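Colleague: Chain A is already provided as a structure; the job is to place chain B on it using the hints.
Listed below are the residues making up each chain.
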Amino acid sequence: MNAGPLVSVRGVHRRYGSGATAVHALRDVTFELAAGTMTALVGRSGSGKTTLLNVIGGLDRPDSGTVLVDGTDVTALDEDGLSLLRREKVSYVFQTFGLIPVLSAAENVGAPLRLARVPPVERERRVALLLELVGLAAHAEQLPAELSGGQQQRVAIARALAASPRLLIADEPTGQLDAETGLSVMALLRGVVESEGVTALVSTHDPTMLALADRVIRINDGHLDEHPGPRAEDRLDGHPTSRDDS
Amino acid sequence: MRIPAPHWPSVAGRARADAGPLLLAAVVVAVVTLLAGAVPPLLSATADAAVRDAVRRTGGDLQVHSRMEDDDGPGGSRVRHPRLAEDVDDFRARATDELGPGLRAALRPPVATVTSPTLKITDGSVLRTFQLAYVARDGGPDVTWIAGGPPRPTASETAAVPYGAPPWPVQVGLSEADAAALRLRPGAHIPLADDQGNVKKVQVSGVFRPRDSADPAWRLLPSLLSPVAGADGTGSTRFAGLLSRESLPDARLAFGLDELRRTVSFTPDPARLTWDVVPSVAAKVVALKASSGSSGARDGSLKWETRLDGVLRNVSSQVEAAFAQASVLLVTLLAVAVLVLLLAADLLVRRRAPALAAARQRGMSLPVIGGELLLESAVLALLAAAAGLGLARAVAPGVSWDWTPPVVVTAVAAGPAFGMLTAARATRDRRVPANRSARRWARDTVRLRRAALETGVLAVASGALVALYQRGIGGGVLPASAPALCVLAGALLPARALPLATRFVLKRLLRSSRPLAVFGAARAAVASARVLPLLVLVTSVALASYALIFGATVGRGTADGPLASGLLRLAWVSAVTLPALGLLGLALGTAAGAPERWQTLTRLRTLGLRPREARWVAAGELLPPVVVAAVGGPLLGVLLARLTFGSLALRLLTGAEPAPASPWWALGLVAVVFLAAVAVVVPVESALRRRRRLSEVLRAGDS
Numbered sequence: 001m002n003a004g005p006l007v008s009v010r011g012v013h014r015r016y017g018s019g020a021t022a023v024h025a026l027r028d029v030t031f032e033l034a035a036g037t038m039t040a041l042v043g044r045s046g047s048g049k050t051t052l053l054n055v056i057g058g059l060d061r062p063d064s065g066t067v068l069v070d071g072t073d074v075t076a077l078d079e080d081g082l083s084l085l086r087r088e089k090v091s092y093v094f095q096t097f098g099l100i101p102v103l104s105a106a107e108n109v110g111a112p113l114r115l116a117r118v119p120p121v122e123r124e125r126r127v128a129l130l131l132e133l134v135g136l137a138a139h140a141e142q143l144p145a146e147l148s149g150g151q152q153q154r155v156a157i158a159r160a161l162a163a164s165p166r167l168l169i170a171d172e173p174t175g176q177l178d179a180e181t182g183l184s185v186m187a188l189l190r191g192v193v194e195s196e197g198v199t200a201l202v203s204t205h206d207p208t209m210l211a212l213a214d215r216v217i218r219i220n221d222g223h224l225d226e227h228p229g230p231r232a233e234d235r236l237d238g239h240p241t242s243r244d245d246s
Numbered sequence: 001m002r003i004p005a006p007h008w009p010s011v012a013g014r015a016r017a018d019a020g021p022l023l024l025a026a027v028v029v030a031v032v033t034l035l036a037g038a039v040p041p042l043l044s045a046t047a048d049a050a051v052r053d054a055v056r057r058t059g060g061d062l063q064v065h066s067r068m069e070d071d072d073g074p075g076g077s078r079v080r081h082p083r084l085a086e087d088v089d090d091f092r093a094r095a096t097d098e099l100g101p102g103l104r105a106a107l108r109p110p111v112a113t114v115t116s117p118t119l120k121i122t123d124g125s126v127l128r129t130f131q132l133a134y135v136a137r138d139g140g141p142d143v144t145w146i147a148g149g150p151p152r153p154t155a156s157e158t159a160a161v162p163y164g165a166p167p168w169p170v171q172v173g174l175s176e177a178d179a180a181a182l183r184l185r186p187g188a189h190i191p192l193a194d195d196q197g198n199v200k201k202v203q204v205s206g207v208f209r210p211r212d213s214a215d216p217a218w219r220l221l222p223s224l225l226s227p228v229a230g231a232d233g234t235g236s237t238r239f240a241g242l243l244s245r246e247s248l249p250d251a252r253l254a255f256g257l258d259e260l261r262r263t264v265s266f267t268p269d270p271a272r273l274t275w276d277v278v279p280s281v282a283a284k285v286v287a288l289k290a291s292s293g294s295s296g297a298r299d300g301s302l303k304w305e306t307r308l309d310g311v312l313r314n315v316s317s318q319v320e321a322a323f324a325q326a327s328v329l330l331v332t333l334l335a336v337a338v339l340v341l342l343l344a345a346d347l348l349v350r351r352r353a354p355a356l357a358a359a360r361q362r363g364m365s366l367p368v369i370g371g372e373l374l375l376e377s378a379v380l381a382l383l384a385a386a387a388g389l390g391l392a393r394a395v396a397p398g399v400s401w402d403w404t405p406p407v408v409v410t411a412v413a414a415g416p417a418f419g420m421l422t423a424a425r426a427t428r429d430r431r432v433p434a435n436r437s438a439r440r441w442a443r444d445t446v447r448l449r450r451a452a453l454e455t456g457v458l459a460v461a462s463g464a465l466v467a468l469y470q471r472g473i474g475g476g477v478l479p480a481s482a483p484a485l486c487v488l489a490g491a492l493l494p495a496r497a498l499p500l501a502t503r504f505v506l507k508r509l510l511r512s513s514r515p516l517a518v519f520g521a522a523r524a525a526v527a528s529a530r531v532l533p534l535l536v537l538v539t540s541v542a543l544a545s546y547a548l549i550f551g552a553t554v555g556r557g558t559a560d561g562p563l564a565s566g567l568l569r570l571a572w573v574s575a576v577t578l579p580a581l582g583l584l585g586l587a588l589g590t591a592a593g594a595p596e597r598w599q600t601l602t603r604l605r606t607l608g609l610r611p612r613e614a615r616w617v618a619a620g621e622l623l624p625p626v627v628v629a630a631v632g633g634p635l636l637g638v639l640l641a642r643l644t645f646g647s648l649a650l651r652l653l654t655g656a657e658p659a660p661a662s663p664w665w666a667l668g669l670v671a672v673v674f675l676a677a678v679a680v681v682v683p684v685e686s687a688l689r690r691r692r693r694l695s696e697v698l699r700a701g702d703s
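First to last, the protein sequences are chains A and B. Mapping of the first sequence onto full-length UniProt numbering: residues 1 to 246, in sequence order. Mapping of the second sequence onto full-length UniProt numbering: residues 1 to 703, in sequence order.
Chain A with its partners taken away, still in its complex shape (with noise of 0.2 Å):
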């Protein structure tokens, strides 16, 4: 883990539309994310979630404020800038899968590390652990269509984490699945966050998820209000920044 902020979001805005009908998404929203933990990000409908994650992610630019990733200036990057930083360092985990139909699942996962120009050998024995790790081993040459919702899902999520990314930013992964299949993905992510050591920012609506999270923020008209998560206290005992962070 480390031992600094690994996201850092400072005085950000964001307004959508212009005048008296201008809506703002985000109001100088300042926060941090610490290295290694999940972040659950909760609120209701049009609070400003997805565009926070959008504008952490670098797939929004804000009005005003600076985003940090792993030390990196997102708004300053250029579109060159933000492939390259969504290829190396920022997965993103979609609410309808984004698998491509025609590939298989293991073919799915090693997109990103056919973009990042892996050799063959190496990709195929990351795409194994990958699918190993989610449980899927045996469905890899499955297609898409071939797979349940809660499958497909834990595809999306080893595509996500096949180019071992620093930050894994996921909006509503369970929206579109039952409870006990959006649970099991919940408590996947909340595996590979420990596994894989990487920092999960994930936007939900459904409070049992939250017990999964070592922090909650949440988000009202586009104003942060935070709350420890119920996992931060064991976090806290080994991971004393973190608290710093939040």
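In short, the hints are calculated from the structure, not lab data. Predicted model only: the values in this text are computed from it and were never measured. We treat Cβ as the ideally placed atom computed from N, Cα and C, and that holds for glycine. A couple of the hints might just be wrong.
Said to hold, decoys possible - With a cut-off of at most 20 Å between alpha-carbon atoms, the simulated DMTMM-like pairs for lysine to aspartate or glutamate come out as follows:
| # | chain 1 | residue 1 | chain 2 | residue 2 |
| --- | --- | --- | --- | --- |
| 1 | B | LYS120 | B | ASP61 |
| 2 | B | LYS201 | B | ASP258 |
| 3 | B | LYS507 | A | GLU124 |
| 4 | B | LYS303 | B | ASP70 |
| 5 | B | LYS201 | B | ASP123 |
| 6 | B | LYS507 | A | GLU146 |
| 7 | B | LYS507 | A | GLU141 |
| 8 | B | LYS289 | B | ASP61 |
| 9 | B | LYS303 | B | GLU98 |
Said to hold, decoys possible - Coverage of chain A stretches by chain B, computed from C-beta distances (three or more under 8 Å per stretch; other residues unrestricted):
| # | region |
| --- | --- |
| 10 | 70-83 |
| 11 | 87-95 |
| 12 | 107-113 |
| 13 | 117-123 |
Modeller: Showing chain B alone in chain A's frame:
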């Protein structure tokens, strides 16, 4: 039962939101109805001109002969018949009556002539011949006597002439030119003898000048106005003397019993001989010839002679062939237009799928959904068709509705039909079966349906080709549809093969370390399942190639002719319109696949794909069908030309059976244009999509 009313705000809102695709469909309808509406009347006008030209060039006069009544008198003599000119008038009237109103309306007023055998002028060594001629039509032809006067009778009205008597005197008038050439004055005798050396006693009564030398009556006997060289052999010169009504009976007695030839000539009037009247005119002419008396018969029956039926038969064959060949080109345009309209409807329904599903889920019935969509498409299609036909009326001498229904019906019905299917699927209770064999059964059912549809297309195409071979080009719509149907059937082969090929390529590429090629092939494998865009591309390129070969072949084999050039213009218009429709199809297909494509590309962008790399992946998806069309289309067009040109009766326009031309540079240009279009479409689409935030994919997985 109360019929639910359309929800007008929804109808208007949908139309506003999808104004682009709707406008494109309307433009297609307008352009194709313009062509389909204008070509037949333009071709009819061209056919009229062709008929007139053929008649003008080849003559085609109708001539009717009738033997004069015997003039035997009592005691072995011949009796002078003073009313002979009136008999000629009666003969002219009888012949005119026999024409019937239809044929009579297409002919100029008749000209009656009575001509003597050709005589020799016996006062010199140079071969000069002379003919006595009487010419009469209603009111003319008029002459002015500039010296002497008109021919007078040389005997009392009812004189009797014994056989073997000395030559009977007869007076004739000479034109100024003839008189000057013969150096004769009024009162002089012309030294004449027939082939047997029998001397004829012909005196010049006067010298005349025609009131109108262009009078059609003179055209039949030009030597009456001036000497005609070569009429009776090389080095000869023919002169003629004009008989009057009064001197005609003397001319009868000056020659043997049947030596004067009585003829009525009818000249077709090109201004009134149009393509429409050709069948009835030709039929009447054939009937007249069939009822014609034998040339050897010694009665007063009418003996018809004309080449008009042959002329009309030839020009009819040419015109019918041109109409049929034009219909081949029109059918190719209609076929591609129908496919493009289906593609436009598909795009429209894809864009509207969420709204249609939502409407269905809110309880809107399928008939109401279909009714609202029908209202929109009907208004649009009918307005566009009216605009197209209005333009056709402005540029052509008339307008034809005959070829417009396929396009208008497709434009009206495709959108509502696809929309209702989409809405019905959205709320259908049927789920994907959990049982694998049941899933296979369902998959096989879909395959069987598609195979049945394709077999149907193949069967119809084969039938059309057989009909073309057996009945020829003039056999109706089915043979005329053979090229279009064969291309459609031929396009099914790459439509079947492309998904297999792209999956094969993808499997091969998966072993490679080229990520862009892998992702492009993956997208291509998904997109190749859509048959309609490929059909539009292949058929448009193949039929454009066919039109190019058609135009090059006709253009190479024809010197000129109003018919051939009209057909040539249609071929070039088709050769331009078909690729334009194909490019429109490419744009529509690209737009229809764009959401899915950019959804994948955006996902790949979140994995680190750069924007310019995304464009390569998009090109990788779009290129395979375009490459198939660019390579396979021209080959299909060439193959089809070789298969069908022999049955298109092109020789009727080109004069000889032409070998299909191969304008390779033009075919290559069509292929290059389509390939270049991808190079334009991808950056344009990328630029348009750049406005949409990548971030949206995180929430909904949709770009």
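Colleague: So, for every hint listed, does it hold in this structure?
Modeller: Here is how each hint holds up against the structure:
1. Taking the CA atoms of LYS120 (chain B) and ASP61 (chain B), the gap is near 28 Å; set against the 20 Å cutoff, the hint is violated.
2. The suggested pairing of LYS201 (chain B) with ASP258 (chain B) holds, with an alpha-carbon distance near 18 Å, which does not exceed 20 Å.
3. Restraint check for LYS507 (chain B) and GLU124 (chain A): the C-alpha separation of about 16 Å stays at or below 20 Å, so the hint holds.
4. Between LYS303 (chain B) and ASP70 (chain B) the CA atoms are separated by roughly 17 Å; this keeps the pair inside 20 Å, and the hint holds.
5. Between LYS201 (chain B) and ASP123 (chain B), the direct Cα distance comes to roughly 14 Å. Compliance with the 20 Å bound is thereby established for this hinted pair.
6. Of the supplied pair hints, the one linking LYS507 (chain B) and GLU146 (chain A) holds, its CA atoms being roughly 18 Å apart against a limit of 20 Å.
7. Proximity of LYS507 (chain B) to GLU141 (chain A) is assessed by CA-CA distance (about 12 Å); at most 20 Å being required, the pair is judged to hold.
8. Between the alpha carbons of LYS289 (chain B) and ASP61 (chain B) the distance comes to roughly 13 Å, so the proposed pair stays at or under 20 Å and holds.
9. Taking the CA atoms of LYS303 (chain B) and GLU98 (chain B), the gap is near 12 Å; set against the 20 Å cutoff, the hint holds.
10. Counting residues of the region 70-83 of chain A whose CB lies closer than 8 Å to any CB of chain B gives 3, so the stated coverage by that chain holds, three being the minimum.
11. Restraint check on the region 87-95 of chain A versus chain B: 6 residues with Cβ-Cβ distances below 8 Å, three needed, restraint holds.
12. As drawn, the region 107-113 of chain A meets chain B at 3 residues by the rule of a beta-carbon pair under 8 Å; at three or more, the given contact holds.
13. Taking a C-beta to C-beta cut-off of 8 Å, the region 117-123 of chain A contributes 3 residues in contact with chain B, enough for the three needed, and the coverage statement holds.
Checked against the numbered hints above, the structure violates only hint 1.
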